[in-house]
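Letter by letter, the chains look like this.
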Amino acid sequence: MGHVVRAEWMRGIRSWRFWVAVAATVGLLLLTAVQYAQPWYHPPTPRLVNFFTASEMPLGGWLTALWPVLIPVVAALPGGDSLAIDRRRGLDAVAITRVGWTRYLWGKLAGGALLTLVAMGIAIGVVEAVFAATLPLALPRLLSWVPNLSLPYRVKISGVYGVSYATQFHPHFFWAAPGLFVILVVLVALWAAVSLASLSTAAGIWVRQPLLTLAVPMMVLIVGDVVSQALWRSYWVPSVYAGQYLSWVPSVGSWAALALYWAIPAAVPVLAIAWMAVRRKEWPRSVG
Amino acid sequence: MGTAEPAIVLAGVSKRYQGRAVVSDIHLTVHSGEVVGLIGPNGCGKTTVLRMVAGLVQPSKGTVAVGGVPLTDLPGGVPAGLGILFDPPGLLPHLSGLTNLSMLAALRQVISASEVRQWMQRVGLDPADRKRVGLYSQGMVQRLGIAQALMEAPAVLLLDEPTNALDPSGVALVAHLIQEQQERGAAILVASHYLEEVSRVSTRVLKIAEGRLMPAVGEDLAREQGVDARRVDP
Numbered sequence: 000m001g002h003v004v005r006a007e008w009m010r011g012i013r014s015w016r017f018w019v020a021v022a023a024t025v026g027l028l029l030l031t032a033v034q035y036a037q038p039w040y041h042p043p044t045p046r047l048v049n050f051f052t053a054s055e056m057p058l059g060g061w062l063t064a065l066w067p068v069l070i071p072v073v074a075a076l077p078g079g080d081s082l083a084i085d086r087r088r089g090l091d092a093v094a095i096t097r098v099g100w101t102r103y104l105w106g107k108l109a110g111g112a113l114l115t116l117v118a119m120g121i122a123i124g125v126v127e128a129v130f131a132a133t134l135p136l137a138l139p140r141l142l143s144w145v146p147n148l149s150l151p152y153r154v155k156i157s158g159v160y161g162v163s164y165a166t167q168f169h170p171h172f173f174w175a176a177p178g179l180f181v182i183l184v185v186l187v188a189l190w191a192a193v194s195l196a197s198l199s200t201a202a203g204i205w206v207r208q209p210l211l212t213l214a215v216p217m218m219v220l221i222v223g224d225v226v227s228q229a230l231w232r233s234y235w236v237p238s239v240y241a242g243q244y245l246s247w248v249p250s251v252g253s254w255a256a257l258a259l260y261w262a263i264p265a266a267v268p269v270l271a272i273a274w275m276a277v278r279r280k281e282w283p284r285s286v287g
Numbered sequence: 000m001g002t003a004e005p006a007i008v009l010a011g012v013s014k015r016y017q018g019r020a021v022v023s024d025i026h027l028t029v030h031s032g033e034v035v036g037l038i039g040p041n042g043c044g045k046t047t048v049l050r051m052v053a054g055l056v057q058p059s060k061g062t063v064a065v066g067g068v069p070l071t072d073l074p075g076g077v078p079a080g081l082g083i084l085f086d087p088p089g090l091l092p093h094l095s096g097l098t099n100l101s102m103l104a105a106l107r108q109v110i111s112a113s114e115v116r117q118w119m120q121r122v123g124l125d126p127a128d129r130k131r132v133g134l135y136s137q138g139m140v141q142r143l144g145i146a147q148a149l150m151e152a153p154a155v156l157l158l159d160e161p162t163n164a165l166d167p168s169g170v171a172l173v174a175h176l177i178q179e180q181q182e183r184g185a186a187i188l189v190a191s192h193y194l195e196e197v198s199r200v201s202t203r204v205l206k207i208a209e210g211r212l213m214p215a216v217g218e219d220l221a222r223e224q225g226v227d228a229r230r231v232d233p
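Protein chains in written order, with numbering that gives the first Met the number 0: chain G, 0 to 287; chain H, 0 to 233.
The following block holds chain G by itself, in its conformation from the complex:
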């Protein structure tokens, strides 16, 4: 399996799709940081200033909210697309006859996960660098925000790594070893992303539809989010759009608001499944 992973790495890192995934991830991260920066301050400040202070956004806020969009992009381009290209170019047959089905499929999963991990790591690194470069503009607010920390940790931890975790997730560990805590939070976040990417690649292999990679992480995250909302708050919409949903309820009622909210998102998987069903009929290629 290691040979397949190495081969995946060799081809992935040379593929423009991998670098598009990195660029798309960076773009999405920055864009969302700007969007989230808007309501973060009270009263709201002009957008440009918010961009420069976006480094204060906690990881639990903007990054995790972005995952449903981010992970499919990162996973699909280098990982899922690798399957599609193998199929189109006949490389799947050539590789399988060299290493067998099992090693090929596990190698694909591991290779896709590795590339996703690296793409996300590079993207987060780039975004970190952008935020670090803009930190001087945000520094006065950072200093007042976390007054009990020494300056290096104030700057570091107030960035994308997320102060919110410090108060919610093992705070004693955070205060004992803040640097280690930051690394752990980032690794857990990346691992969760890679797990979802692998899951989607596996689903793509299972139903013989590589492009399913695009949809699975989004579906998993949305379903998980909606179920948690339903359990804790008793409404069946993702947390990101809960405010919108609640604003509709007084005027149209809860059921109509729910139907209104889900009408468009529901159309997407229905169309996707129909499309995949059509494509699957074409799958047994080349019987000549």
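If you are wondering where the hints come from, they were derived from the structure by calculation, not from laboratory data. Don't take every hint at face value.
Quick partial rundown of chain G residues pointing at chain H, CB under 10 Å, derived from the structure [stated by the list, open to error]:
| no. | residue |
| --- | --- |
| 1 | ARG5 |
| 2 | ARG87 |
| 3 | VAL98 |
Note that the structure is a prediction, hence the values are computed from the model and not measured. Glycine included, C-beta positions come from ideal geometry on N, C-alpha and C.
With chain G held as given, fit chain H onto it using these hints.
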């Protein structure tokens, strides 16, 4: 894989896709050092037979054994020591020819980097050429595909239309390489549309029509295409 034991055995093999019979009741034995040509028109089932031998397609009925072992008994479902050339030949267009071959060689790790370079030269390509395969001509792609199939000295070779897109010198090169592999002891199945090309390299030629190996067709074919009837024998 000894010479006495057949390298490839297909026993009563059939394949159906979505209710349609693509291959029906194929019985075929190929020994080491033997080149068997399969000829027939598009869609007759040649590629499916080759893909079943490679373990890429499961027969709906019957058994396929390679090296004396049924494929269903093999871990991973694919026989070891197999070289294949299908269309498309399994090359990535964004990588150079050498990188493509190196990547494939890295999967098995039975040949060195210098041997990979030598194989590129043997098929008439320059290993120092950094041009992407996407910019290759069809003939160059086919030559590279042949190199990937042969470079690891496989015990069983499955070649589907090996002379596709090749000029006369390329066709001669393929014939020479197949003969060389045969002398080395490889069991070789070659599928093609062209009887003349196949009969030039094969010890035996079989015709597939509508998914069946046709009996007693050799003489007819030979008469039609003017080749040695003794070599056209099911």
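To see whether the hints hold, each was checked on the structure:
1. ARG5: holds (6 Å)
2. ARG87: Interface hint status for G/ARG87: holds (7 Å vs cutoff 10 Å).
3. VAL98: holds (5 Å)
Violated hints are absent here; each numbered hint is respected by the structure.
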